[in-house]
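K.L.:
This is what each chain is made of:
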Amino acid sequence: MSDNGPVQARCPVLNVRRVDAYYAITVVAPGIAERFRSGQFVSVAVGGDHSSTLLRRPFAIHDVKPDYGGTVEFLFSVRGTGTAWLSERRSRDLLDVVGPLGRPFPLPRDPVNCVLVGGGSGSAPLFPLAQSLRRRGCRVDFVLGAASADRVFSAITARRIAETAVFTTDDGSFGTRGRVTDVLGRVIEDCRSDAVYACGPMPMLRTVTAVADAHGVPVQVAVEETMACGTGICMTCVIPVVGEDGITRMVRSCVDGPVFRGEQVRFDDVGTIPFDALGAPGWKGSSAVRAAESARDIA
Amino acid sequence: MSDNGPVQARCPVLNVRRVDAYYAITVVAPGIAERFRSGQFVSVAVGGDHSSTLLRRPFAIHDVKPDYGGTVEFLFSVRGTGTAWLSERRSRDLLDVVGPLGRPFPLPRDPVNCVLVGGGSGSAPLFPLAQSLRRRGCRVDFVLGAASADRVFSAITARRIAETAVFTTDDGSFGTRGRVTDVLGRVIEDCRSDAVYACGPMPMLRTVTAVADAHGVPVQVAVEETMACGTGICMTCVIPVVGEDGITRMVRSCVDGPVFRGEQVRFDDVGTIPFDALGAPGWKGSSAVRAAESARDIA
Amino acid sequence: MNADLRTRLGGCELPNPVVTAAGCAGAGRELAQFLDIASIGAVTTKSVMLEPHAGRPAPRMAETPSGMLSTTGMQGPGVDVFLQRDLPWLLSRGGRAIVSIAGTGAGEFGELARRVSAADGVSAVEVNLSCPDPSDPAGRRFADDPVRAAAVVRTVRSHTRSGLPVLAKLAADVPDVVELAAACVEARADGLSMVNTVRGMAVDTRTLRPAVAGGMGGLSGPAIRPLAVGCVYRVHEALPDVPLIGMGGVRTGADALEFMAAGARAVAVGTTNFSDPSACARVLRELTELLDARGVARAADVVGAAHRTGPGA
Amino acid sequence: MNADLRTRLGGCELPNPVVTAAGCAGAGRELAQFLDIASIGAVTTKSVMLEPHAGRPAPRMAETPSGMLSTTGMQGPGVDVFLQRDLPWLLSRGGRAIVSIAGTGAGEFGELARRVSAADGVSAVEVNLSCPDPSDPAGRRFADDPVRAAAVVRTVRSHTRSGLPVLAKLAADVPDVVELAAACVEARADGLSMVNTVRGMAVDTRTLRPAVAGGMGGLSGPAIRPLAVGCVYRVHEALPDVPLIGMGGVRTGADALEFMAAGARAVAVGTTNFSDPSACARVLRELTELLDARGVARAADVVGAAHRTGPGA
Ligand SMILES: Cc1cc2nc3c(=O)[nH]c(=O)nc-3n(C[C@H](O)[C@H](O)[C@H](O)COP(=O)(O)OP(=O)(O)OC[C@H]3O[C@@H](n4cnc5c(N)ncnc54)[C@H](O)[C@@H]3O)c2cc1C
Ligand SMILES: Cc1cc2nc3c(=O)[nH]c(=O)nc-3n(C[C@H](O)[C@H](O)[C@H](O)COP(=O)(O)OP(=O)(O)OC[C@H]3O[C@@H](n4cnc5c(N)ncnc54)[C@H](O)[C@@H]3O)c2cc1C
Ligand SMILES: Cc1cc2nc3c(=O)[nH]c(=O)nc-3n(C[C@H](O)[C@H](O)[C@H](O)COP(=O)(O)O)c2cc1C
Ligand SMILES: Cc1cc2nc3c(=O)[nH]c(=O)nc-3n(C[C@H](O)[C@H](O)[C@H](O)COP(=O)(O)O)c2cc1C
Ligand code: FES
Ligand code: FES
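Residue numbers (the working numbering), protein chains in the order written: chain A, 1 to 299; chain B, 1 to 299; chain C, 1 to 313; chain D, 1 to 313.
What the hints contain is simulated information worked out from the structure, not anything from laboratory work.
Just so you know, not all the hints are guaranteed correct.
As the list claims (entries may be wrong) - Ranges of calculated distance between the beta carbons of each label pair, as one might list FRET restraints: (1) R294(C) <-> D182(B): 29 to 35 Å; (2) P134(C) <-> Q84(D): 55 to 61 Å; (3) R261(A) <-> A118(C): 38 to 44 Å; (4) E186(D) <-> D301(C): 50 to 56 Å; (5) T272(A) <-> E13(D): 42 to 48 Å; (6) R17(A) <-> R177(B): 56 to 62 Å; (7) G10(C) <-> R136(A): 55 to 61 Å.
Ideal Cβ positions, reconstructed from N, Cα and C, are used throughout, including at glycine.
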């Protein structure tokens, strides 16, 4: 119904591959591929028509290709029932996919130096981002971390695309033992980074934001909140975010995100309603705030 | 836990075939095959581990073979969600099957003449029965009916096994136009039948019983009631049946049946609790009846 | 042949009986990306309060067998922003709006009704009686007490302009849904929406903590359909002339038909919008096909069909 | 390491917390074909009445999303046959019996308790409070009125020999399950079983008739698990010392753990026995594995864990 909004389609599976601890599924989805910008995600129905698991599963788009009119690839690790079911899909099965969803990563106008920080499967959306940045003449450096070697994402591709690529694992089985945030400061300095892009679990994003802040570098984070709809109608995916106007709102990470400016996310208050959030219990907004609200765009 | 009771097993699918309007699935199930006697059925879990359809689907066993230690075949038409899912199974998929369930057809001691009457998919259990009867030297005649030609069950096999085989279809597309009960009387006379075996929908079984009765021939019917458990614990599959003692009880068609002597089933009262049934509202049994109850075996 | 799908709810007529459930479609804008919002019966908008509300802390949802638990806690911008920003958008696309309101007492409900009444183009007002009543010592909902529920409905009716239908939205997990329904009708509700989510809970077996913040949540989805159909059936039996909107786990056109046979004139799609953003259009299409296949001339003819003879058939 | 699974319900100790739910396992005989009936905590036998009962007409069941509706209507042979035929069989196989009783009034419940008390080897008596109360003009169940429910429990307790625990089986669809629970405990119930099936309905969309005879049925299975877990959580919060048996949609060991974390000391498997006749043994095995994986020394240690800190983790 809209030309650049998301579409819903029954997409044939082109292939399912194992990549270390992950599965990669490629589906034929021209409508999604043509609209895609990096940082966006798809949501996939799981379990078939008579499944007891109703909700779609959100996955970052890892790659789009022009083959067959347009294909979309996402990667995932098996976590629960939905991902287990997905891992059993075969070529030619049909998947019900909605996408592309969410706000993409904003791209710099100028050819600046960017460091891309990913944790585990959170690294997925950084690869198309790296491509876009390269096309704009940006320098790209990667810092990728995971629990163990087999969970480090596409190390070879990272090395190929980026100027430098640093890896960390919790168990030291690959790269530096430790966390991405242990090495990030050094990378920012060594590479004279002008911008940080990060995706992964909330605690990682919080520390990445703190490190980037300490170095005076702007940071864009892509969050992974639990989502019931992914399209902005259920209000289950909210996190507290400070707007340009200094007001904290509970915003939907699916449509207002998943990408936010790091310093706008109130990481310490995720999982709460901050007392000063718009509409929090006892909150009394000025009439100016109220007027501004009506003018804000909702989608 | 018991040697001749039913077993539960995850059975590999050997093959899935289309046979006219039906699907035939053969599973490797040695424990079920070795215990099987004709008239018994299996119940099959459908939809996978996270299916919203909880209940097993019951199917008459159509054939058992010694291959692979023992295989079991059942036939079905796609009716709703469960049978649609089953029709999409492929070789090597695993099915969770319980069986053999229910009381088998009683076999005559002497080599008498038997006519086997089936309607639609209800013909399935008659084929292994025919084999058993033949092994005992009985004469077997078939009367098979269905809505249309493609729903008449294994006509060729029937002709091969039986002395005679008569077919009827509602639309006249194969054999005689009409119902099995239209021709049954003539077949009983022509073949000098000593016993009737029938399986199919309740209204058909009722008329078959009436025809057999009119000809003074005993009849065994296998009923198809909705069943939640198939093992005798849920009490959802009951029909009113008159016992040897003349008392009507609401009996479980899964374990007390599915095979009953036709004249014992109170066809006119199926779907009701007859006022004279044991334990019906207002029923006052004699102390003799009560004492008899304790002595009755429950399984 | 195509069945006449028009549906009357008190004073308002909808072109067909498929609407969205409150809180499960925003104000139509997001779903409009996936379907023509003017093509469905109406959009029931998320319950709006007088003031902006930030809602409940996360986690706000958990998946359960054939259902989900949620606790969004009425997050929303407040009625003024809604009337200035969201409602005009919906109407501008040719959509019909059933405006759901949520108050903390009869006074606030009345004020909401007054403001919504003053707006142009609203098709009906829905009164969300599952709001907690702050004056109840046990923190129960208005729906838990037919007397308090009726007081709210009466106030809303008196503050709503005549001709604009007032629908009372009932809960299923109440002592006696028929008594509640009768009290609301007695208080001059023009119709009843039923049912809201049912209170439940899940424990995350990894953390052994409640899966949604605050412990209890509202259960929705196909899991509750039998409860919802049961409520609609019993209320239609008791009050056959009262227009009912049935909801709770509608996923397909057959589910919609089930509610209509139980007694609903219209059917709302809630949770299914989350899993299938074009669900309302699909449900409408499937329902139409089912009615046509049965040779039904008017959708209204199947309303209450399950009451007409005994069980079986 | 293997967790100590022993579970105390009032005066009786079970070797482990997994039992069958009343009416979903007969008296153990049929399931014994698929598992060792002595290996599970106990068999709760189908609610037995004083006299033989023929139950309700067919159709008695319908499948619903992640659940089923049923109306068997207490079909059974009466208490004398049960005590002479079914109970001895179960005990002879080393099984433990929780005997569920169903009466039409306090007097009949008392008489049932007296006869069951006189039998040897019973582990506990469970009082099915979801029976309709013939003296109630609206035909409500004993469970719908805490006062009537308590009267039944008090009578059963006074007719049951001391030392034999009395468990009150509660319904979920009552005005206030905590109030009902408190009333039963006040009437000296030694423990509570919760919950029974929830009233619901389905319409067959082929025939447009109610799918089960009589219209309304009882909904069971995973669909109702959030309702059941919610009841257990709230009752354990209010009455932390009262032994609870949790049930409603237990399908896996994780589901059993969910009920225990909410506050249940034992967990009953009902509808899942229909779809998986060896389910009780599997649930027990899976639960043991989960407890071992967490390094839990005693199953009792996880009881109520979800109450111990706030949500999240
Ligand atoms: C915007 C976004 C992008 C994501 N991209 C990726 C990706 O590229 N690769 C990848 O492996 N994972 C990704 N995730 C996480 C992924 O969605 C979950 O792993 C997946 O939903 C788990 O489903 P399940 O049925 O296997 O797990 P279950 O635990 O059985 O799921 C139960 C419910 O919880 C939700 N859920 C469980 N884990 C998560 C989680 N970590 N984040 C959000 N919801 C969760 C599920 O969606 C479902 O509703 C992303 C999440 C979001 C929000
Ligand atoms: C003892 C017995 C033997 C049977 N043998 C055969 C056979 O050999 N071949 C065959 O094609 N069919 C047979 N049936 C019928 C078969 O069980 C149903 O066709 C099947 O359960 C339909 O499942 P569904 O999910 O496709 O239909 P749905 O309508 O979606 O099923 C919904 C529920 O109704 C029950 N149900 C639906 N139709 C029937 C029916 N006709 N009888 C009993 N329960 C039903 C299902 O089991 C399920 O619980 C037999 C039934 C019984 C009781
Ligand atoms: C996330 C969510 C938010 C909801 N918000 C509201 C609301 O604001 N007002 C209301 O009356 N009902 C609300 N409901 C209840 C739905 O309108 C509907 O009555 C219920 O979910 C049952 O329908 P379903 O099973 O189709 O979802 C909400 C339900 C969900 C799941
Ligand atoms: C077919 C059937 C029969 C039942 N019979 C009884 C009964 O006789 N007495 C009783 O207290 N509960 C009875 N119940 C309720 C169960 O014991 C249990 O409380 C309920 O089904 C919820 O558990 P489940 O979801 O695991 O089945 C019955 C349930 C079903 C489905
Ligand atoms: S997931 Fe529904 S609003 Fe974001
Ligand atoms: S199907 Fe359960 S007792 Fe027969």
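K.L.:
Range first: 50 to 56 Å. Now tell me if the beta carbons of E186(D) and D301(C) are that far apart.
P.N.:
Given a distance of about 53 Å, which is inside 50 to 56 Å, the answer is holds.
K.L.:
Please check whether T272(A) and E13(D) have a Cβ separation lying inside 42 to 48 Å.
P.N.:
holds, 43 Å
K.L.:
Evaluate the given range 38 to 44 Å for the C-beta pair formed by R261(A) and A118(C).
P.N.:
Holds, since R261(A) and A118(C) (Cβ atoms, about 39 Å apart) stay within the stated range.
K.L.:
For the hint 55 to 61 Å, verify it against the beta carbon of P134(C) and that of Q84(D).
P.N.:
Check passed, 59 Å falls within 55 to 61 Å.
K.L.:
May I ask you to test the hint 56 to 62 Å on the CB atoms belonging to R17(A) and R177(B)?
P.N.:
58 Å Cβ-Cβ, so the 56 to 62 Å window holds.
K.L.:
At the C-beta level, are R294(C) and D182(B) separated by a distance inside 29 to 35 Å?
P.N.:
Once the Cβ atoms are compared, 30 Å apart, the range 29 to 35 Å for D182(B) and R294(C) holds.
K.L.:
Taking the CB of G10(C) and the CB of R136(A), does the distance hold inside 55 to 61 Å?
P.N.:
holds, 59 Å
In this structure, none of the earlier numbered hints is contradicted; all agree with it.
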